[in-house]
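Work out the full structure: start from the sequences and follow the hints.
Residue numbers (this note's numbering): -19 to 240.
Just so you know, the hints here were simulated from the structure itself, not pulled from any lab data. Computed from a prediction, not measured in an experiment: that's the story for all the values here. Don't take each hint at face value.
[To be verified] The calculated label-pair distances, taken between Cβ atoms and stated as ranges, are:
{"#": "1", "residue 1": "ILE97", "residue 2": "GLN238", "range": "30 to 36 Å"}
{"#": "2", "residue 1": "ASP128", "residue 2": "ASP202", "range": "28 to 34 Å"}
{"#": "3", "residue 1": "ASP200", "residue 2": "MET(-19)", "range": "21 to 27 Å"}
{"#": "4", "residue 1": "ARG134", "residue 2": "ASP45", "range": "43 to 49 Å"}
{"#": "5", "residue 1": "GLY5", "residue 2": "ARG198", "range": "21 to 27 Å"}
{"#": "6", "residue 1": "GLU190", "residue 2": "GLY68", "range": "39 to 45 Å"}
{"#": "7", "residue 1": "ARG106", "residue 2": "GLY5", "range": "17 to 23 Å"}
{"#": "8", "residue 1": "ARG229", "residue 2": "GLY101", "range": "44 to 50 Å"}
Even for Gly, the Cβ is constructed at its ideal location relative to N, Cα and C.
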Amino acid sequence: MTVRHDDLEVTWYGYATTRIETEGGFVAYLDPGRYGVLTGEWTPVGGGNPKQAAHPRATDFRPEDADLVCVTHDHHYDSDGIRRVANGETTVVIYEGVDPSGIDRDVTPIDDLPGDIVRIGEEDHRSIDGADGGSADVWSVPGYNEPDGPRADRDGSVPHPKGLGVGYRLALGGSSVFWPGDSDALDAFAELSVSLFLANIAGSVVSTAEESADLAERMDPDLVLPVHYNTIELLEADSAGFAADVAKRGVPVVLDEQQG
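This is the structure in structure tokens:
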């Protein structure tokens, strides 16, 4: 299904792939691709019934309609996924730490992608114009697991150390959207002015449902939409439980599941 928020239409396709379109037709994608969510090859965790999965159904999707694509880190870099949504006039914003040569998957170099490639730092701002009008402002923010936090081993090593990736705050169509990427629920996120919060809820390598609910309460966005869960076993989560928790805190929340 598609979630409507202010003047935005937002669709979660699975994993971290999120499409955002303004009333004016400006289209942005966050972390498109991986695990078959855009090729129709994804199957529910454990091989279950897709009609019962708390997750969007996979679709063979190649619209090539993006004005903007944002990629947070190596784990979410999928050159085929980017090609499925981008075209020659797309601006592809990729965190400067993303290095395809070090990715042990079948991906192509960043320079081979369609569109205008923009490498962005850990705390940067870019203004992006759409091909047919409309625009977006993109801010990157550090996204990581804290070395003394709940995702850390005894020696302080974490799945996502500082410098590996970023989150993005987008201002487009009169609204603001925040996607933290693969990160803990960092205190700095609570200081952001956010209309729509795309929340991690799976724990394991990112913030748990409870941690993201706490962050949502502090951030006080107009709406919370969880994404990036139940695509693979590592990201299994109780989305209904998260939604109930957030709603009890007085923060509007919505789920985008079982589409197609």
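Going through the hints against the structure:
A C-beta distance of roughly 35 Å is found between ILE97 and GLN238, which places it inside the suggested range of 30 to 36 Å. Look at ASP128 against ASP202: about 32 Å separates their beta carbons, and that is inside 28 to 34 Å. For the hinted restraint 21 to 27 Å between ASP200 and MET(-19), the CB-CB distance of approximately 25 Å keeps it satisfied. Distance hint for ARG134 and ASP45: a CB-CB separation of about 47 Å, consistent with the stated range 43 to 49 Å.
For the pair GLY5 and ARG198, the beta carbons lie near 34 Å from each other, so the given range of 21 to 27 Å is not met. Distance hint for GLU190 and GLY68: a CB-CB separation of about 44 Å, consistent with the stated range 39 to 45 Å. Between ARG106 and GLY5 the Cβ separation comes to about 20 Å, which falls inside the hinted range of 17 to 23 Å. Under the hint 44 to 50 Å, the C-beta atoms of ARG229 and GLY101, about 34 Å apart, miss the expected range.
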